[in-house]
Amino acid sequence: MVRFVVSRLGQTLAVLFTVSVIIFALMRMIPGDPVLMMLGDDFTHDAYQRLRAKLGFDRSIVIQYLIWVGSILRGDFGDSYLNHERVSRLVFDAFLPTASLVVASLVVGVLIAVPSGIVAAMRRDSPWDYGAMGFAIFAYSMPGFWKGIVLIWVFSVGLGWFPAMGYVHPWQDLWGGLWRLVLPAVTLGTFFSGLVARIIRSSLLEVLDQDYIKAARAKGVRQAALVYRHALANALIPVVTVIGLQFGTLLGGAVLTETVFSIPGMGRLTVAAILNRDYAVVQGAILVGVFAVVVVNLFVDLTYAFLNPRIRLT
Amino acid sequence: MGCATPSIRACDADVTDALRARSAAGNGGAAPADVVLEVRDLTVEFSSEAGPLRAVDGVSFHVRRGEIVGLVGESGAGKSLTSEAILRLIRCPPGRIGGEVRFQGRDLLALDEAALSRIRGKDIAMIFQNAGASLNPVFRVGDQLLEAMTLHLPESRRTLRERAVEILGRVGIPSASARARDYPHQFSGGMAQRVMIGMGISCVPSLLIADEPTTALDVTIQAQVLALIRRLASELGVAVLLVSHDLGIISQMCHRVLVMYGGKIVEEASIAAVFGAPAHPYTRGLIDCLPRVEGTARLGSIAGAMPGLSAMPGGCRFHPRCPVAEPRCAVESPELRRAGPEQIAACHLILEPAEGAA
Amino acid sequence: MSVPAARGQAVDAEVLPLHHAPAALGPAEGVATRAGVGRWWRRFARNRGAVFGLAVFLAVVAMAVFAPVLAPHDPIAQGVGKPLQGPSLAHWAGTDSFGRDILSRIIYGARVALVVGLVAVLIALVVGVTLGLVAGYYGGWLDAVIMRVMDGLFAFPIIILAIAMMAVMGFGVTNVIIAVAVGFVAPFARVTRGDVLAVKEEPYIEAARLAGVGSPAIIARHVLPNVLAPIIVQAALRVSGAIITEAGLSFLGLGPPPPTPAWGRMIAEGQAFIVMAPHISTIPGVALMLTIVGLNLLGDGLRDTLDPRLRR
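Residue numbers (my numbering), protein chains in the order written: chain A, 1 to 314; chain B, 1 to 358; chain C, 1 to 312.
Since the hints were made in silico from the structure, they are not lab data.
All of these numbers come straight from a predicted model, not from anything done at the bench.
There's no promise every hint is true.
Just the calculated beta-carbon pair ranges, DEER-fashion [what the hints assert, rightly or not]:
#	chain 1	residue 1	chain 2	residue 2	range
1	A	99	C	48	51 to 61 Å
2	B	91	C	45	27 to 37 Å
3	C	286	A	276	25 to 35 Å
4	C	172	A	295	31 to 41 Å
Beta carbons: idealized from backbone N, C-alpha and C, even for Gly.
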């Protein structure tokens, strides 16, 4: 286990490094003088020279990268060229709405996927199976942003049950905030559940074929305990990994969902920033987002290692 | 028996004497009340594109208290399915089990799931070929053994937990209480099989079904596991159905032998009769395949291979490979006929009893 | 389910995460033999979903290719009908806020979707498979470097990577294609490399090497045909992903500029009119959804046909 943890940590650091290099390279490839862009309206010759030196533009690209990394690690993502706010502040403010959306979607997704995956596996090749899997295919095939708009049309405009947009912090208004999250969470959550349900089904089917299930039945274990204890304990472990892998996809989906529902999260921040050519914000938001994905993946892998005795105890 | 090696012919005379003694002891004066398991006309069918296929076709036999009955045959002959059908471990559909399986008077095939699961693991225990794969990888071994008991026994969890450790010790697992907290992947094949045996006997069953329990183990471990099973029968009076394709094991362990081919039983005889004077040509062929230590005669073999279920020949299923087949063997399927005082076989060439050795 | 503890092998949800060996067909025997194709087709045809998917795909291709013939109106001509009219006999899908015929825009929109989907995946396939072959076969530091870069790329959700790249390159169809292609290189490289690693150990590879066949030739003639099947499956599954990504980017305003019809942007434009003219958003969305569902079913069907081991 220790060896596994260390190797995964190493891998994570390597990925974070590669990601930072990619982002740094992309930002440097933006046409135009970055220093000029950063100064914006505050341009004076002096300020220009000073900023240039500070960022290391007179030195090699590697030094520039290191200086950049240094400021990132200090939490200094630069300033938004639009309103001169600190990018770190903007990203921080946008983080919570996105996180709430993602968490809510995960909950919705799991609540749908687990039962439907189990039912599909237990009644393999029955109408239940085809129905559940058919729903799953539709759920993840439907473009999220369109699904959101349709949901708004039906439930907001049509039935008036939910508000069409907006976000409220949980501490300001818990139930109101949650209520507003329902449509976006359903939009993103059903997409997620479509992916996961199929995996649960196949994982469970594979486990049910195993010798130890047969042996447990020979021991006298009843069907319910057989499935929900003996089989599921094994079947869900790899599903955990898959959920982690899909976290990135979920975050990507969040970008679109936030735009549809006007949630002031990192996705909407990034999109607005890119349309406004506010590159510092784009960089900051993407950095944080991708880092979050990498960290979550690491966490998920470690959880998997913990849950699987074969890895935990070597 | 003095020889631990599979080739019984090496110790011919001593061996046959010992076998005769064992078969006498196994059968001697046993009253019908001692029959623990009686299987009548068991069939296992699977639906296929070509119609229903019978993997087990009208199998009948019985096992008595303290008796070890061997079920022998090639891969695909239906032995594992027969053993699994007793506890209804076969997924139905697509399978279908027919016939009667009487255990202590009750027909297992007619019971509902709830009643059957009360019998599984308690009155009838089953162990399988790959013991490591028969243990759930995410639960501790001790807990799995404990579960075998808490499912059926009324005593407190604490008592049973202590008993579990005790059982592990008795089946030969060193440092039992520490090992009980380990996971299956930390056990070797032989150790895992002992754990399975421990689980099997934990509720003191009347019948133990062992499906190729030592096939995945090496010879020394094999001997230990078999000795364990033998003690269960002789000391505790457990009835044992031992499924194997290995005649050597059968010869070491069993009082009586059932030979299966193509889903049917082709011979049933005491151990002495099977090895001393096999009645069915297939059995004879199997015995001839065993190497002899003395002499340099070529190893016997049975020509051809057992056909798959959908390609079974008409008449006697063995006739295409039979060295003494007659024309009628291709047309009529032989029923089991008496071939000796403790021997029946399904062959047209058996005309009268007292052909085989007593 | 033996998902390996380290996520070296591609464990995407779209390619169900089961361990699999490539359909090792033997030395230089590929998928496309005469009898082989016939067999594949029969197996494929049994899956009704897959056949439906194929039909959808062909329909979309037909729409794209024959757009000038099929579309009743000029897609960018404004005022061909009264604006914001719902579906009617004159305009089957209604008109948008500029009075343009939505049906024609949907038909022409298939062009953008298809071009992006196919070209981006093709580029990603060529680059990714090459990288995967090289990394898998040669191993060593080359493998390490390539796979670390792929890991880095893989960590980006596609949309986010595309947005980042378009910050650099600007918007428009070509850039969308490039951005999406870059995003999909990593999965192709991973899948290929994984299968190459397995195939590399096969005896016939060893035999070829001993016979003196040079490495590039071995890769091209022996390794590649045997890893082809999963790659084809990946490609089919990724096309739908590419189209959805393009639609998402258009929706955000980063795709082909107006007035070019793109399904994503049509949906975005319609969101403002959701109350009075819902058809502007909903109908193009139906087209998009059917395309994606069809392509996903097609991808699933291909996977079941070419490598049945992956099923369940």
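Here's how the hints hold up against the structure:
no.	hint	verdict
1	A/99 <-> C/48: 51 to 61 Å	violated (42 Å)
2	B/91 <-> C/45: 27 to 37 Å	holds (29 Å)
3	C/286 <-> A/276: 25 to 35 Å	holds (33 Å)
4	C/172 <-> A/295: 31 to 41 Å	holds (34 Å)
The structure shown violates just one earlier hint, number 1.
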